[in-house]
Amino acid sequence: MKKIELNNVSVSYIVGDFTNIGLKDVIIQKIKGTYVQKEFMALNDISFSLNEGELLGIIGTNGAGKSTLCKVISGIMRPTAGTMAVRGSIASLLELGTGFDGDLTVRENTFLRGAMLGYTREFMNQTYDSIIEFAELKEFEDRKFSHLSSGMKSRLAFSIACLVKPEILILDEVLSVGDGAFRKKSEKKMLEIIDGGATTLLVSHSLAQIRRMATKVLWLEKGKQVDFGETKEICDKYDEYLKKK
Amino acid sequence: MLQKLTAQIRQVKKYQFLFSELVKRDFKKKYKRTILGMFWSILSPLLQLAVMAVVFTKFFGRNTEHYIIYLFSGNLIFSFYKDSTNGGMHALMSNANIIKKINVPKYLFMLSKEVSSCINFGLTLIIYFIFVAIDGIPFSFRFFLLLYPVACLLIFNIGVGFILSALFVIFKDIQYLYDIFTQLLMYLSAIFYTVSVYPEKIQKLFYFNPVYVYITYFRRIVIDGVIPGVKYHLLCIGYAAAVLIIGMVIYKKYNYKFMYYI
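Going down the list, the protein sequences come from chains A and B. For the first sequence, position 177 (counting from the first letter as 1) is numbered 177 according to our numbering, and the numbering increases by one without interruption. For the second sequence, position 55 (counting from the first letter as 1) is numbered 55 according to our numbering, and the numbering increases by one without interruption.
In isolation and in its complexed conformation, chain A is listed as follows (with noise of 0.2 Å):
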């Protein structure tokens, strides 16, 4: 069954002018009939489709769409052109670590995450105490959330997502959360979920983990849909593409 269908999917930011230069300007810049609306492609014509239990890994050097591709695939942002279906609850791993509220504590840090994700309150206080025991907080539990390391946010806020089985995972460049041992012990978890049947968007710049693990490759670069398909094909010509550039 497909999971994931996107059909010629783009996106377009409104940049520049428009948001920075404020109400006043605009009304004179359309008075005199020189404001123009900017849109720069952060997506452009992507298509492709997963099956249930497909792992997609994500490659393309910086500013090639790959998080707002993650963005809407996760709901967060809606195409301004082509179709899309995604079928299964998600988890998405979006840059981790941000979104807590730092005058918080760490305790109503993971309850108001776990809210947001749509978690309910009962579940929440079965599972706290699991939560911080992965993520090796114990004795922060009651600190302010500004005051831990960007280490320890991130492992927080791996633990929180990771806590329920999704169908469809989304992993913006979490697999290097935390230090060595916390690394492998989120990789496992992650392996555990992937296992489990879940369908897995993974963006990377590790080319071996890519390997490794993804059974498919989607390749951006530029907003633009480079290729799609098996995993070493791709990951060869990108290969070839990096050492020429």
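Treat the hints as calculated values from the structure; they're not laboratory data. Honestly, I wouldn't trust all of these hints.
As a list, the in silico EDC-like pairs of lysine to aspartate or glutamate whose alpha-carbon atoms are at most 20 Å apart [to be verified]:
{"hint": "1", "chain 1": "B", "residue 1": "K29", "chain 2": "A", "residue 2": "D227"}
{"hint": "2", "chain 1": "B", "residue 1": "K13", "chain 2": "A", "residue 2": "E240"}
{"hint": "3", "chain 1": "B", "residue 1": "K24", "chain 2": "A", "residue 2": "D195"}
{"hint": "4", "chain 1": "A", "residue 1": "K237", "chain 2": "A", "residue 2": "E221"}
{"hint": "5", "chain 1": "A", "residue 1": "K144", "chain 2": "B", "residue 2": "D26"}
{"hint": "6", "chain 1": "B", "residue 1": "K30", "chain 2": "A", "residue 2": "D101"}
{"hint": "7", "chain 1": "B", "residue 1": "K32", "chain 2": "A", "residue 2": "E141"}
{"hint": "8", "chain 1": "A", "residue 1": "K24", "chain 2": "B", "residue 2": "D173"}
{"hint": "9", "chain 1": "A", "residue 1": "K189", "chain 2": "A", "residue 2": "E136"}
{"hint": "10", "chain 1": "B", "residue 1": "K29", "chain 2": "A", "residue 2": "D101"}
{"hint": "11", "chain 1": "B", "residue 1": "K172", "chain 2": "A", "residue 2": "E173"}
{"hint": "12", "chain 1": "A", "residue 1": "K165", "chain 2": "A", "residue 2": "E133"}
{"hint": "13", "chain 1": "A", "residue 1": "K244", "chain 2": "A", "residue 2": "D227"}
{"hint": "14", "chain 1": "A", "residue 1": "K165", "chain 2": "A", "residue 2": "E141"}
{"hint": "15", "chain 1": "A", "residue 1": "K189", "chain 2": "A", "residue 2": "E54"}
{"hint": "16", "chain 1": "A", "residue 1": "K165", "chain 2": "A", "residue 2": "D142"}
{"hint": "17", "chain 1": "B", "residue 1": "K24", "chain 2": "A", "residue 2": "D236"}
{"hint": "18", "chain 1": "B", "residue 1": "K32", "chain 2": "A", "residue 2": "D25"}
{"hint": "19", "chain 1": "B", "residue 1": "K14", "chain 2": "A", "residue 2": "E122"}
{"hint": "20", "chain 1": "A", "residue 1": "K216", "chain 2": "A", "residue 2": "D236"}
{"hint": "21", "chain 1": "B", "residue 1": "K58", "chain 2": "B", "residue 2": "D173"}
{"hint": "22", "chain 1": "B", "residue 1": "K29", "chain 2": "A", "residue 2": "D239"}
{"hint": "23", "chain 1": "A", "residue 1": "K222", "chain 2": "A", "residue 2": "D142"}
{"hint": "24", "chain 1": "A", "residue 1": "K216", "chain 2": "A", "residue 2": "E230"}
Chain B residues, not near chain A, derived (Cβ > 12 Å throughout) [claimed, not checked]:
{"hint": "25", "residue": "K4"}
{"hint": "26", "residue": "L18"}
{"hint": "27", "residue": "L36"}
{"hint": "28", "residue": "F56"}
{"hint": "29", "residue": "F60"}
{"hint": "30", "residue": "F141"}
{"hint": "31", "residue": "I170"}
{"hint": "32", "residue": "D173"}
{"hint": "33", "residue": "P199"}
{"hint": "34", "residue": "R219"}
{"hint": "35", "residue": "L234"}
{"hint": "36", "residue": "A241"}
{"hint": "37", "residue": "Y256"}
Since the structure is predicted, the reported quantities are computational estimates derived from the model, not experimental observations. Even for Gly, the Cβ is constructed at its ideal location relative to N, Cα and C.
Chain B: place on chain A using the hints.
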């Protein structure tokens, strides 16, 4: 229709936990790292009231009965309006980090801000009634009718919040414009003066100011001891409903576009 409604209710239920956590967060954050904590929400309107009473009693207070309560009513309602709409305006942008990363309905951030300003208002309202008692106005069951303008004002604030937060995502200037606007609105809301100094025709113009209508409702009940007419009730709910509908239309139309701007 019914199906849509039950789906809506299910959604509200689903986000109930998130909503209560957000309210808690907004409330905690407001008073974190202040020694006086929650007392600020009582102290700040009292200080404002004190200054106004000292300054204006000489000018306007001579012919007005229960001038302190007159002043307090105006201040109370206006502060609620101002706090809550200002909070609503910033609600989306100050949570941009979350909205960008996690798929949650954005209006929840706005509503939670409104609820925490409402709690604040509730605290000031208690002080208000203490003042009312001290000033020798006997308690009456009429006071329960005050729930009506408060509810209307809450709806009104939510509507304004929707409009402002959407504008603020796109135009950052709106915060300065709105500052000027609220200042003007304050002078036009007859907080420290009475409208009776104006000719009849001009007095009627005041009804175009929704905040003035809500303030007047309060004064009628508490100071004049009468229940305002049907006209007031219709105006109260009319303004609230109109603004809420406009706000919701704007939100519905643009909410997914916010992502391109944040």
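Inset, instruction - Against the structure, test the hints numbered earlier, and report the numbers of the ones violated in rising order. - result: Structure breaks hints 1, 2, 3, 11, 14, 16, 17, 18, 21, 22, 23, 26, 31, 32 and 37.
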